[in-house]
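Participant: Chains as they are written, first to last, in this note's numbering: chain A, 1 to 275; chain B, 1 to 261.
Just so you know, the hints here were simulated from the structure itself, not pulled from any lab data.
These figures come from a predicted structure and were not determined experimentally.
Positions of the beta carbon are idealized from the N, C-alpha and C atoms, including for glycine.
Treat each hint with caution, since some may be false.
Residues from chain B that keep clear of chain A, each with C-beta distances beyond 12 Å, as calculated [as the list claims (entries may be wrong)]:
1. Gln12
2. Ser71
3. Asn89
Subject to a maximum C-alpha distance of 30 Å in a straight line, what follows is the list of computed DSBU-like cross-link-like pairs (lysine-lysine) [as the list claims (entries may be wrong)]:
4. Lys9/B / Lys54/A
5. Lys86/B / Lys130/B
6. Lys22/B / Lys194/A
7. Lys205/B / Lys149/A
8. Lys197/B / Lys149/A
9. Lys163/B / Lys205/B
10. Lys224/B / Lys149/A
11. Lys130/B / Lys37/B
12. Lys130/B / Lys205/B
13. Lys20/B / Lys37/B
14. Lys130/B / Lys22/B
15. Lys224/B / Lys205/B
16. Lys197/B / Lys54/A
17. Lys194/A / Lys236/A
18. Lys22/B / Lys37/B
19. Lys125/A / Lys222/B
20. Lys197/B / Lys130/B
21. Lys222/B / Lys205/B
22. Lys194/A / Lys125/A
23. Lys9/B / Lys130/B
24. Lys130/B / Lys149/A
25. Lys236/A / Lys263/A
26. Lys200/B / Lys81/A
27. Lys86/B / Lys54/A
28. Lys9/B / Lys125/A
29. Lys81/A / Lys22/B
30. Lys125/A / Lys149/A
31. Lys163/B / Lys222/B
32. Lys149/A / Lys81/A
33. Lys81/A / Lys197/B
34. Lys263/A / Lys54/A
35. Lys224/B / Lys125/A
36. Lys258/A / Lys9/B
37. Lys54/A / Lys149/A
38. Lys54/A / Lys125/A
39. Lys86/B / Lys81/A
40. Lys163/B / Lys197/B
Below are the chains, spelled out letter by letter.
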Amino acid sequence: MGFPYIGCGLGLRPTYYSDILNNSVDVDWFEIISENYMVPGGNPLAMLERVREKYPLVMHGVSLSIASTDPVNLDYLEELKSLANRIEPMWISDHLAWTGIEGVNLHDLLPIPYTQEALHHIAEKIRIVQDYLERPILIENPSTYISFKESEMDEADFLNEICEQENCSLLLDINNIYVSAFNHNFDAVTYLNKIQPANVVQMHIAGHTNYGTHIIDTHDQSVCDDVWALMEIASKRFPNASPMLERDDNFPPFIEIKSEFDKMRKTHLSARDRK
Amino acid sequence: MSYADFLSKMQQAILSDDEKIKPIFLQSINEPPLHSKNDAFGVYYNGYRRRLAEFLSNDYPVLRNILGDESFGHVVENYINICPSKNYNARWYSSGLVDFMRNHAPWREERVAIDVAQFEKCLADSFDAKDVECLNISALQQIDPHQWPELRFRFHPSVFLHKLAAETTTIYETHGENFLENTTIITNSEGVIFWRKNNKCLYRKVNDIEYLSLMEAFSEMKFKDICSMVSYQQNCNDIEGFMSSLLVQWFNDSLITEVVI
Numbered sequence: 001m002g003f004p005y006i007g008c009g010l011g012l013r014p015t016y017y018s019d020i021l022n023n024s025v026d027v028d029w030f031e032i033i034s035e036n037y038m039v040p041g042g043n044p045l046a047m048l049e050r051v052r053e054k055y056p057l058v059m060h061g062v063s064l065s066i067a068s069t070d071p072v073n074l075d076y077l078e079e080l081k082s083l084a085n086r087i088e089p090m091w092i093s094d095h096l097a098w099t100g101i102e103g104v105n106l107h108d109l110l111p112i113p114y115t116q117e118a119l120h121h122i123a124e125k126i127r128i129v130q131d132y133l134e135r136p137i138l139i140e141n142p143s144t145y146i147s148f149k150e151s152e153m154d155e156a157d158f159l160n161e162i163c164e165q166e167n168c169s170l171l172l173d174i175n176n177i178y179v180s181a182f183n184h185n186f187d188a189v190t191y192l193n194k195i196q197p198a199n200v201v202q203m204h205i206a207g208h209t210n211y212g213t214h215i216i217d218t219h220d221q222s223v224c225d226d227v228w229a230l231m232e233i234a235s236k237r238f239p240n241a242s243p244m245l246e247r248d249d250n251f252p253p254f255i256e257i258k259s260e261f262d263k264m265r266k267t268h269l270s271a272r273d274r275k
Numbered sequence: 001m002s003y004a005d006f007l008s009k010m011q012q013a014i015l016s017d018d019e020k021i022k023p024i025f026l027q028s029i030n031e032p033p034l035h036s037k038n039d040a041f042g043v044y045y046n047g048y049r050r051r052l053a054e055f056l057s058n059d060y061p062v063l064r065n066i067l068g069d070e071s072f073g074h075v076v077e078n079y080i081n082i083c084p085s086k087n088y089n090a091r092w093y094s095s096g097l098v099d100f101m102r103n104h105a106p107w108r109e110e111r112v113a114i115d116v117a118q119f120e121k122c123l124a125d126s127f128d129a130k131d132v133e134c135l136n137i138s139a140l141q142q143i144d145p146h147q148w149p150e151l152r153f154r155f156h157p158s159v160f161l162h163k164l165a166a167e168t169t170t171i172y173e174t175h176g177e178n179f180l181e182n183t184t185i186i187t188n189s190e191g192v193i194f195w196r197k198n199n200k201c202l203y204r205k206v207n208d209i210e211y212l213s214l215m216e217a218f219s220e221m222k223f224k225d226i227c228s229m230v231s232y233q234q235n236c237n238d239i240e241g242f243m244s245s246l247l248v249q250w251f252n253d254s255l256i257t258e259v260v261i
C-alpha cells in the first residue's frame with residue numbers, strides 16, 4: 001500500500017496548542033480531527049499551519065459516513081480534499097460507520113450489520129472516495145453498543161474483506177476492539193489475530209468509561225491496564241502500524257497526556273523489538 | 001430486510017419519540033450479555049440528544065445563563081426535535097438556533113434572549129470566517145485625494161453588524177448574571193459590530209450614525225454619498241472631519257479589505 005511507519009502520534013487538540021507550539025514536544029506526528037479544520041479561516045487554520053511547520057500530520061474524520069446509503073457527499077469530499085492539499089497529511093482516515101441518511105446527520109458513528117450487501121455497498125463507496133481524493137484511505141473499526149441478528153460475518157472478517165476488495169488500509173482502534181469485545185462478549189485477542197497485519201497502517205489507543213453492564217468509548221479517561229495489554233499484543237502483531245493516543249474530553253495538563261504518550265511509545269517500541 | 005431499510009429503521013428509532021417504532025427496530029438486534037436491548041440502544045438514542053445539547057450549551061453559554069437550565073433545555077429539546085441536524089459539522093448546526101428562536105413560539109417573543117443568542121452566534125461566525133488580507137490606512141494615501149469621494153469599501157468576511165436589544169453587550173459581558181429583562185431593554189436598541197483581528201474575535205458598540213454609515217458602506221455606497229447621508233441625518237458642521245475619523249477607525253480595526261474606485 002505504500003504507507004510508511006511514522007512512529008508514535010498524539011491527537012492535536014486546541015487545549016494543547018500553546019504547549020505544543022511554545023515547546024519542543026517529543027512527538028513524532030499529530031492527528032487532527034479533519035472537520036475541526038474544514039472551516040473558511042481564522043484561528044483553527046492558523047494554528048494548524050503553525051503545527052504543520054514543525055510536525056507531520058494525519059487527518060482523521062468523523063463525518064465521511066462511508067456506510068450510509070446516501071450518495072457520497074461531494075461538498076464534504078471537496079472540503080476534505082482542499083484541507084488535505086493545504087496540509088499534505090501522511091494519510092486520511094475515517095470510520096466504518098454511518099452518521100445518517102436522507103441528509104440527516106446524527107453526529108454519531110452508527111453501527112452496521114456485517115452482511116454481503118453492506119460490504120458491497122461500502123466497498124463501492126470507498127472506491128468513489130478514494131478516486132475523488134486521489135489517494136487510498138484508512139478505515140477505522142468502530143466501537144459498538146449493539147450488534148445485529150442479520151450479520152453474516154464478524155467485524156474482523158468484514159474489515160479484511162473491505163481491504164482486499166478496495167485496496168484501502170486499516171486504522172485499528174485497540175480501545176474500540178476492547179469496548180466492543182466487552183459489549184458483545186467476544187474475545188479481543190481472537191479479533192486481533194484475525195486481522196491481516198499487512199492492512200494495518202495506524203493504531204488508536206484511548207480511554208473509556210466502564211458502566212459495569214457496558215463500556216462507552218468516551219476518550220475522557222486514561223488508558224486502562226487491559227487496553228495497554230491489548231496494545232502490547234497489537235504492537236507485536238502489527239509492528240509497522242504507527243500508534244496514536246486519543247483524548248477528547250476531560251483534558252488533563254499537557255504534562256500528563258505527554259506522560260501517557262511516553263508510556264504508549266515505550267510499550268509499542270518494546271513490543272516491536274520483542275516480536 | 002435490505003441494508004437501506006435497516007439504516008432507515010435505525011435512524012427512525014433514534015429520531016422518533018413514537019413508542020411503537022423503537023420495539024420494531026430492537027427486534028433486529030442481539031441480546032446484549034449484561035443489560036437489555038433497550039439500554040444498549042439507549043447509548044445511541046440518548047447520545048444523539050445529549051451530544052447536540054452539549055454542542056448548543058457550549059456555543060450559547062450566556063443564553064443558557066439568562067434563560068436558566070430548564071428553559072434553555074426546553075428550547076434545545078424543541079430545536080433538536082423539530083430541526084434534525086443536516087450539517088456534517090455540529091458547529092453549523094449550532095448556528096441555526098437563533099433563526100429557530102426567531103421563528104418559533106414562545107421564543108419569538110423573547111427579543112433579549114434572541115439577541116443574546118445572536119451576539120454569541122456573531123462571535124462564533126467571526127471566529128472562523130474566511131481569511132482575507134486587510135488594508136491599513138496607507139492604502140488611502142496611494143489614491144489621488146480627488147478620487148476619494150468616489151471610493152467604495154469592501155469589508156472582511158468576519159465583520160457582522162447588528163442592531164440588538166439595549167444592553168445586550170452588557171448582558172454578554174456580565175455572562176447574564178443578575179439579568180432582569182425590562183421594557184427599556186426590549187424597546188431600545190444598540191448597534192454592535194463584530195469582527196476578527198489577528199485571529200481574535202472583537203466587538204464594540206457603534207452609535208446610530210456609525211451604524212448607518214457602516215450599513216451603507218456594506219452596500220458599497222460611494223464615500224461621498226455616505227457623507228451626504230450622514231450630513232443629512234446628523235446636521236453635522238464638520239462632516240469631513242467626522243467621517244475621516246470613522247474611516248481611520250475602520251482601517252485601524254482591520255475591517256476593510258478592499259477600496260474600489
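Participant: Next, verify each hint and record whether it holds.
Facilitator: Hint check results:
{"no.": "1", "hint": "Gln12", "verdict": "10 Å, violated"}
{"no.": "2", "hint": "Ser71", "verdict": "24 Å, holds"}
{"no.": "3", "hint": "Asn89", "verdict": "5 Å, violated"}
{"no.": "4", "hint": "Lys9/B / Lys54/A", "verdict": "47 Å, violated"}
{"no.": "5", "hint": "Lys86/B / Lys130/B", "verdict": "22 Å, holds"}
{"no.": "6", "hint": "Lys22/B / Lys194/A", "verdict": "34 Å, violated"}
{"no.": "7", "hint": "Lys205/B / Lys149/A", "verdict": "61 Å, violated"}
{"no.": "8", "hint": "Lys197/B / Lys149/A", "verdict": "56 Å, violated"}
{"no.": "9", "hint": "Lys163/B / Lys205/B", "verdict": "10 Å, holds"}
{"no.": "10", "hint": "Lys224/B / Lys149/A", "verdict": "74 Å, violated"}
{"no.": "11", "hint": "Lys130/B / Lys37/B", "verdict": "46 Å, violated"}
{"no.": "12", "hint": "Lys130/B / Lys205/B", "verdict": "23 Å, holds"}
{"no.": "13", "hint": "Lys20/B / Lys37/B", "verdict": "15 Å, holds"}
{"no.": "14", "hint": "Lys130/B / Lys22/B", "verdict": "43 Å, violated"}
{"no.": "15", "hint": "Lys224/B / Lys205/B", "verdict": "24 Å, holds"}
{"no.": "16", "hint": "Lys197/B / Lys54/A", "verdict": "25 Å, holds"}
{"no.": "17", "hint": "Lys194/A / Lys236/A", "verdict": "14 Å, holds"}
{"no.": "18", "hint": "Lys22/B / Lys37/B", "verdict": "11 Å, holds"}
{"no.": "19", "hint": "Lys125/A / Lys222/B", "verdict": "52 Å, violated"}
{"no.": "20", "hint": "Lys197/B / Lys130/B", "verdict": "12 Å, holds"}
{"no.": "21", "hint": "Lys222/B / Lys205/B", "verdict": "24 Å, holds"}
{"no.": "22", "hint": "Lys194/A / Lys125/A", "verdict": "24 Å, holds"}
{"no.": "23", "hint": "Lys9/B / Lys130/B", "verdict": "39 Å, violated"}
{"no.": "24", "hint": "Lys130/B / Lys149/A", "verdict": "48 Å, violated"}
{"no.": "25", "hint": "Lys236/A / Lys263/A", "verdict": "16 Å, holds"}
{"no.": "26", "hint": "Lys200/B / Lys81/A", "verdict": "27 Å, holds"}
{"no.": "27", "hint": "Lys86/B / Lys54/A", "verdict": "36 Å, violated"}
{"no.": "28", "hint": "Lys9/B / Lys125/A", "verdict": "21 Å, holds"}
{"no.": "29", "hint": "Lys81/A / Lys22/B", "verdict": "38 Å, violated"}
{"no.": "30", "hint": "Lys125/A / Lys149/A", "verdict": "24 Å, holds"}
{"no.": "31", "hint": "Lys163/B / Lys222/B", "verdict": "23 Å, holds"}
{"no.": "32", "hint": "Lys149/A / Lys81/A", "verdict": "37 Å, violated"}
{"no.": "33", "hint": "Lys81/A / Lys197/B", "verdict": "28 Å, holds"}
{"no.": "34", "hint": "Lys263/A / Lys54/A", "verdict": "23 Å, holds"}
{"no.": "35", "hint": "Lys224/B / Lys125/A", "verdict": "57 Å, violated"}
{"no.": "36", "hint": "Lys258/A / Lys9/B", "verdict": "43 Å, violated"}
{"no.": "37", "hint": "Lys54/A / Lys149/A", "verdict": "48 Å, violated"}
{"no.": "38", "hint": "Lys54/A / Lys125/A", "verdict": "34 Å, violated"}
{"no.": "39", "hint": "Lys86/B / Lys81/A", "verdict": "21 Å, holds"}
{"no.": "40", "hint": "Lys163/B / Lys197/B", "verdict": "21 Å, holds"}
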